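For the protein sequence lines, the chains are A and B, in the order given. Just so you know, we're using numbering that gives the first Met the number 0 here: the first sequence kicks off at 0 and counts up by one. Just so you know, we're using numbering that gives the first Met the number 0 here: the second sequence kicks off at 0 and counts up by one.
Heads up, some of the hints might be wrong.
Claimed, not checked - In silico DSS-like links for lysine-lysine, alpha-carbon gap of 25 angstroms or less:
| hint | chain 1 | residue 1 | chain 2 | residue 2 |
| --- | --- | --- | --- | --- |
| 1 | B | K447 | A | K1100 |
| 2 | A | K1200 | B | K130 |
| 3 | B | K509 | A | K989 |
| 4 | B | K130 | A | K47 |
Claimed, not checked - Okay, the calculated beta carbon distance ranges per label pair:
| hint | chain 1 | residue 1 | chain 2 | residue 2 | range |
| --- | --- | --- | --- | --- | --- |
| 5 | A | E48 | B | D400 | 53 to 61 angstroms |
| 6 | A | E788 | B | P196 | 29 to 37 angstroms |
| 7 | B | D133 | A | D146 | 42 to 50 angstroms |
I should point out that these hints are in silico values taken from the structure, not numbers from a laboratory. Being a predicted model, the structure only gives us computed values, none of them experimental. Heads up, the beta-carbon is just placed ideally off N, CA and C, and yes, glycines get one too.
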Amino acid sequence: MSWIQDIISPQTRKWEEFYRNRFQHDRVVRSTHGVNCTGGCSWQIYVKEGIVTWETQQLDYPLLEDSLPPYEPRGCQRGISFSWYLYSPLRIKYPLIRSALIDAYREEKQKTGDSLTAWENLQNNEEKRKQYQQARGKGGFRRVHWDEVLEIMAAANIHTAKKYGPDRVIGFSPIPAMSMLSYAAGARFLQLFGGVNLSFYDWYCDLPTAFPEIWGEQTDVCESADWYNSKMIADMGACLNMTRTPDCHFFAESRHNGTKAVVFSPDFSQVCKYADQWVPLHAGSDGAFWMAVTHVILNEFHHTNTTPYFIDYVKKYTDSPFLIKLEKDGDHYKPGRLLRANELEAHRDIENGDWKFLQIDTSSGELVVPKGTVGSRWDKTQGNWNIKFENIVNDQPYDPLLTLLENKEEVLQTEFTEYGLDKKSLRGVPVRYIETSSGRVPVTTVYDLIMAQYGVGRGLEGDYPADYTDKNAAYTPAWQEIFTGVDSKTVLQFAREWANTANATEGKCMIIIGAGINHWYHSNLMYRAGAMALMMCGCVGKNGGGLNHYVGQEKLAPSDSWGSLAFAKDWQGPSRLQQAPLWHYINTSQYRYDGQFSKYNTVPDNDTTRQHTADQIYKSVRMGNMPFYPQYKQNTLELSKEALENGAKDDEGIKQHVLEKLKSKELEYSVGDPEAQENFPRVWYIWRGNAIMGSMKGHEYCLKHYLGTHSNAIGEDSEDHTQEVNWHEVAPTGKMDLVVDLNFRMDSSALYSDIVLPAASWYEKADLNSTDMHSFIHPLSAAIAPVWESKTDWDIFKELARVTSEVAVKHLAEPQKDIVNLPLSHDTADEISQPEVKDWYKGECEAIPGKTMHKIAVVDRDYTQIYNKFISLGEGIRNNGLGAHGNHYMCEDEYDELIESNHFPVEKQNGKTLPSIKEDVSAANVVLHLSTLTNGKLTHRAYENMEKKSGLKLADLSEGSQDVRINYQDLQAQPRRYNTSPLWSGIMNKGRAYAAYTYNVDKLIPWRTLTGRQHFYLDHEMYLDYGENLPTYKPSPKPEVYGDLKQTLKDGDAKVLNCLTPHGKWHIHSTYMENLRMLTLSRGCEPCWMSETDAAELGIKDNDWVEVYNDHGVYCTRAVVSSRIPKGVCIVYHVPERTTGIPKSQVRGNKRAGGHNSFTRIHLKPNFLSGGYGQFSYHFNYWGPIAPQRDTHVTITKMDKVIF
Amino acid sequence: MDVRSQVSMVFHLDKCIGCHTCSIACKNIWTDRKGAEYMWWNNVETKPGTGYPGKWENQDIYKGGWEKDGDSIALKGAGKKKGLLNIFHNPNMPMIDDYYEPFTYKYLDLIESPASDDQPTARPVSLITGKPIDIKMGPNWDDDLSGTPDYARNDPNLEGLTPAEQDAMFQLEKMAFFYLPRICNHCLNPACVAACPSGAIYKRGEDGVVLINQDVCRAWRMCVTACPYKKSYYNWNNGKSEKCILCYPRIEAGFAPACMHSCVGRIRYLGVILYDADQIESAASADESELVDKQLDMLLDPYDPEVIKAAKANGVSDSTINAAQGSPTYKFVKKWGLALPLHAEYRTLPMLFYVPPLLPVMASVTEVSKDQNDNLNPIAKQWTDSWLYDTSTEELWGTIDQARLPLKYMANMFGAGDESKIKGQLQKLMAVRIYRRWKTVGDISEEKVNEVLKDTNLTAELADEIYNLTSLAKFDDRFNVPPAHREQAIEMLEFAGDEKGSTGFGIKEKVQRGL
């Protein structure tokens, strides 16, 4: 082997400096990526000669418990590509504005010399307005100076406030947690102005509505290290490799520790490689599988072989022992509502008696009013909000009776509906009779109803399944075969292993679930079906257990302090926080194309379900269940003036005036007439997100109705018109006066905006980042200063505040009174306001703000002071304290420290000294200094407060962290794990992995629900009306009824495929999608994946160009043909940009094709419009209809001609 | 015994996510420049699949590696003997289309397009010609495909499988894929070194890293042909060939290589292995059935006093011997017998070893009855397929024989065709899982656990060791980077104290074009 020589000689090897020189660098700075990937990874950003050259992951995470793998390294292929953007040709270097707009504006400015008058004249000129609207998205950008764009935006702001009201100025920015200060910058400006923030989590359909339904939580899940604690993991709808890339190793590694892994996915997705068993059930049929799993578990582990661990668990932690009334319906009964304490003579006058529910004591057989229900949460007497087995009436302990099987007075035939086969069954349910104020009523327990619903007969008479092979009866293993295509044997093995593992480990079975499930129309039911199998086996609130939903970086860890700063609550009262899905549904006019939801939603036929969703939204707004801004056709600033002119003496008088005008219907709700031009949203700020493309379901309708530019939609108005919402024959186009986008890259939203502002990237600013996936807070840091003329979001909105205040000095100098409508809110006493659904507007009850209708607030606004307030922290925090999720603490000492300590800067204005938040780093330090997560003194205080409320011992949880103070520089030095805090439901002391609801289970703190327990049963009237009071299976609607292809298929047949848009491998939403690294490693585009069978039938070969289209629009791309895709579905990974390599569509007249949201349209589930009722109460990004797109169908044709 | 030290690698394929973070970590630092755009010193392939460059494993096309030549071996394609005949025309080189034509997009059009009647879009253009390009190939073209006539079914590793077996691999009930990350193997018998007419390629004495001297390279490109893994690339801009340098500037500074540092699946391990260089020739020229065993035989026990003595005699430093003793790769490869070289039959004695992946259990399919379709809710979607899919198993886990992808296929990659080796390793991985299940859940009987441990030559202690390094390992457990002792190398040229004050000064110049 003479040819192989080991060379040591340094002389020969002197050339090696060639590569050594490349590696040498000057600086390494810690930052992360604010991209809603939920990763929250700490990165080393390398700077060499003033240029960011590359990034690698930080490795210095503190360790958790010894038995857990470490978190390092965190970061994926996308994150490590980010540095490409900094100097790429996509980078926005200077402010840009479209020539059609700037020319028209300058012409008016020349004439009038005043920015506001110029803007007003331009808006009044219909032709010129149309001209620049139609130019949107079609090139013609021009570089302008910062001063000029700021002047235009400020003029548009003040003009809109004066003419229509401030609630026509709208902002959209997604998921604050990924860069919370950048979010806060825009939100703070908008709320000081009186503008509106659109929600995001529900809009993306990332909000798992089953979480509020079952647990009264927006979302609460374990950190990824806790996956490792699980001993059986069911992964469904979450491709961990793709979407949880930095966490995936915990899944892989736990298998080597003896964990069984089962993956449910219609395609052989990447995560299937880790599965012991891959279960390719039909897309969207997961709910049926889980219903059958629970059927087996109830039968074998609850009924025939009663498992003590499971029984103890459901008694203690679920609503299963609560009593439900059965209602007579002809010759049989139907499950009804919870029996209330005040329905009994004995407790007629008990405090909050509508909101206290009943159980039976096993030993005495007596009725008991348990502690910990929502009623005791808001009682004047504190100390009973706990879930100990104690009667609130006399503090006596008791043992809840789970089932009436052995104690029944009668068995009543009760009706249950199975929606898949559309079959009603009468099944015997054991009851007891109770004397109530309305007579003698039969009641049963939730547990007994669940047994009947799942078809576990327990020897009772009725239409129960014969055995597991009974395929006509819900919910047997044989029955689920019809829907899932999966053999019963697989169900049986899974269910038995699941229950056995849970029993052996006391709850270490886990579901990891994601957008693959949550984006279906009936996602809440699929989640509930899975959650039942968990709760029935005692797997929630346990390390290694739980329903762990990872869809969106929704966990803003220090939200107690941040919320106040972000929504300017330090200065003023209520904020305008808008539920986005219903807002876009109405304002993009998509409701017009929708028609009656009962055509695609399997619901019982009744008055509630025989309606249009838009009418239901209108009702929910006036009842205070949902917000809607713009509020009124009349300008709210004018309305208060009118009230004062009419003799109102004070704010109360103004409110009274508004109420009277509403009752007389003289004052109209904007939601009741969305196509009237007075009700248009006018000015739209987009930052940190891709509002026009990435998240915009019904993107082409947005182009048409919001922007007034070209659209590829051919959908037509539905023949089902709205009844209450005023129907206009022609829907307006071009509602928006001005669209502004803050961006570091030219994405699809920037391309369609009027003004594009150069924003600093994630390596060029200070910010904070937190996530579900781990329990650290990460900083974003400036490795270099913002490049070219870009600025941080904090500085851009600060500048906008400054210039807007300056314009106000001339045009809106006098202080204003704004009237703000507020929905009934979760985690406040509002959640016990509407025991019944009654519409004051129709005279069904008295109109009482805050009770039967929304609240009305008066907010003082001084438009000249917006800037001063923006840069300083108001004394509201000092006076009112902070809190979130129903926690509260005073913090005047810590507020004063911000002023007195030399470590923090201050602002002196109007004779006062206030903490300064002029710079982003100061804002970061304020958030950290005032949060219970990062200031141990406040943590302890918050637990002490919760001790009073609950009557439990809790302060031991914070004893070890009292000295903890974390500031921004600490975070830059090393990741810091935050404190266990009552703000969150996981206990993390001593390195324990965060798992949701361990606080509830270990400490007996109630869930924030009606019963204070986890809910199997949902007794809201709307849930009864919609047939979702019990966990159930509702089938996916077929394409003919969903309305995607009415025009497209008019002229004949075409092959129809279900188009799935899961998260992809080469991007996070649209970010990184057009990054050259990612395009190079994929197919140079975002392709459409098809099965071999479907491709062959359509004459399509791998890498052919195809058009993917339906009534709503078209996407042109290349096909990828793979045998891992099942037939009948195709996949376009979310989100393609329409900016990169998109040809013109031949099926839509040679116009540029769009993206994945070009073939979607909004469909909403109206039962999520419920409100004022326990966990069914509005909160921003917590409750309301979500905007699914997974049931979308398309047709595909091969492109003969590819024209760019 | 001629003891030398080699920095070796283990990639645990069972853990690989297929994310390609490694590829980009490498690209960002080393190949993000003109002429190097198409080079992926680190790439990740989906298997089954044809990889990058396309069908690189098919040596009938590319003639890489060595072949047996009597008692010894000879280069299959471009040797000094054969290669010099073809020095101006190398017929066995992958061409740009076998890799892919690097491309970008006319991004600036989005910002600079004048006002028009339709939306601008950024068209793809070639990075070589600047002209619009119809993208037909990329460095990861068959990513996640797991099928299709064009790619997976042309995987050279399907050799020896019957058409029926091959067909079954792409049916829903048996289909699977896994990922194969690849870097330069820094072989003990590197074909590239042997093939270079300029003598530009060498193996570093202290750590075995194989490098192409950028001063000496004259772009004959024989290394491109000779490397059977196609991990040597020609830089079309400066006319030099380049390859993975195992991030020696990082190793010298005590860092793990960038691809390993960034491996978010935590699948990579790096450590020193001591080997006996006297055995290189016999190991490389062994019969195919003995290739793997002979290669493993060369690797020496770092605790053996004889080995230590011989190493010291060869100038291997104490710190390197110490690193070899703490080497995670030695444990995987030798102590536990869990990792194998990729394509040992190429005879280059690669120093990168792979732990094979476990895969889901096979399923079976029967025809579903459609008699319920008429009874469905009229709104309900109906599915057109008619299969009923059963993936149940008798016990908690299926057996290795029930795993997806035929053993023969995996053996073609990792066992030089020998199925028994790969099977033994997969059984060992399962044995550790069964043992840990028993320990953490207890729903498997102790008898069963003892039986599987015995069958796989494991003890409880060994199983815990494997589990620890597989699952709980921290960064420093996975990467044991030996000290470089740069001061000693520098001292051979100048006083190290002078270097302290003068290092880094100078003007950066581009290398001279090779051709």
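| said: Taking the earlier hints as the rules, which of them does this structure contradict? | reply: 1, 3, 4, 6
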